[in-house]
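Could you build all of it, start to finish, from the sequences and the hints given here?
Protein chains in written order, with our numbering: chain A, 1 to 384; chain B, 385 to 553.
Check the hints yourself; a few may be wrong.
[Claimed, not checked] Okay, the calculated bits of chain B under chain A, using three or more residues with CB under 8 angstroms as the criterion:
id, segment
1, 396–406
2, 503–517
3, 523–532
Since the hints were derived computationally from the structure, they do not count as laboratory data. We put the beta carbon where it would ideally sit given N, CA and C, even for glycine.
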Amino acid sequence: MPRKRLFLDTSVVAAARERIKHVYDIFDTVCVQFSGGKDSSAVLLLAKELHEERNLGPVKVIFRDEEMVSPAVVRYLEWIKDLDWVDMEWYALPYGQEVWVLGRREYVLLWSKQRQEEGRLVREMPEGAITAQHFGLDNSKVMPQPVDYYTMQGKNGRVAFLTGIRANESMIRYRSVVQKLHENYINRPYRLSKAIPLRLIKPIYDWTTDDVFKYVSEDNDFPYCEYYDYAAISGANTRVGIPLHSVAARRLNDVVTTEPEFYDDLYAAFPQIDAQRRLWGDFDIESLISSYSRDRWDGVRRCIDDNMLSPGKHKDAMKFAAEFRKKRKHDPYGYPLDHLMRTLLLNEFRHTAPSPVGPKTKAHRMRMAAIADADDLDKIDDLL
Amino acid sequence: MSELLKPQNLKVPDWRTTYTLKADYLGLMQSIKTYGILYPIVSMDDGTIIDGYARWAVAHDMGLKEVPVTRLQCGLGEAILLHVQINRCRGQVVPHRLSRAIRTLLKVMEDRDIMNALNMSEDEFDILEDGSLLKKRKIKQHNYNQAWIPIESSSTEDFRIERPPTPDK
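Listed below in structure tokens is the structure:
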């Protein structure tokens, strides 16, 4: 059934306070999952309010350090960590991460032992961080369990991680908070065993960016990460996060205009990214998609061989293409080959099932045009 | 060693890779009016410009009689490579550092003089002078939004996603 929003006679701040109180009432352990961004700063301050009201002591905070973190964010995190009302656990665990350059994809291992030995980590391993060694593993391989499994170790009873996820950041995030009707802001973590009693909480899901800045800066007079000022005066993206995956890398020049020294650190670790910085503005990805699409399934194979540079990524792409082929057999209009190429080159496809072309996409427009012009068999043939 | 040459004695190469925007051209003209040409133009022995086309164009338009030129004895291939190297490896202005520099300048200069000297619009100047997003986003004037919960409905609604201020490609 479709969803709509029902607006309440209360402000987003009052509603978030109620949600947080409810979470503290029904969970045994509550931690703030902090990223250094403005949204998690707002959540941290909301938790602090309740800790003071109920005399709960320092707020438990978890930070998952993904190595490619901007220097401004690291400075802010270090400042937060030293606050006397914060009790932070800083995790630096080896997980796979995509590096995307002009459609070419490869996995790299965050905090990799090999890169560490070669002096090619983006940053030094932070002092006092909780690493793979703390779990009897080492940083030469990907951690076998999802990250939430490790960050919730040692927490008592039912555990809640408060996050700063907001609905208006993306349609995926919007859907994640409208799916449930009761306690819609309390969700089970993706891919984590049902036996593990952890829930992710989104207490500020209905806030806008301006609500966040007003609450943090005006109401609490609390500093936010200075990266946001850098971004504001340069028109850059205001998300703090890994800058090299398939979506963020398309705005790699934002890193150069906001924190060029960070770009240098990334470049030292992954020199291939410089091609993305220099050429993406003029790169004709559509022509590349067309050239692969012309060769049909041979083109799909070529696209995967040319662009999936690490074995794991190649395997994931082959698996995704095989699933796409099955769906295409039943609905060739909904699954045109250029849609597959576009997904392989531009979008996230790991752990996702192929979806049909959606409204407002180029593939969808072409498909509708072909259906409207049914006499034009060549056009339909092209689509198939 | 540089020498003084008439602008007419220099030539624009047909392999030039750079383009100077009008706004940058006007800014350069302002600088040359105030300080002159501080760095010599680099050319081949026959006067073909390797680096400094914009300085040459400004000098030409302003009717300067002479410009400083460093002539290099090099072949065509070497000249093109040098031209590309110089331009590809040139640094760029970092906005938050420029913002800091503007605030320092304000201690010794008036707003208007800075805007004129740097060929800056008032909007650009305001953002750089403030250096923070709070003024730009008008956070002081903002009233908190109403909270909402999801409900079932027979139709969907258009939900607005916040996008970055500059378009994504």
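Quick rundown of the hints versus the structure:
{"no.": "1", "hint": "396–406", "in the structure": "violated (count 0)"}
{"no.": "2", "hint": "503–517", "in the structure": "holds (count 5)"}
{"no.": "3", "hint": "523–532", "in the structure": "holds (count 8)"}
Violated hints amount to a single one, hint 1; each of the other numbered hints is respected by the structure.
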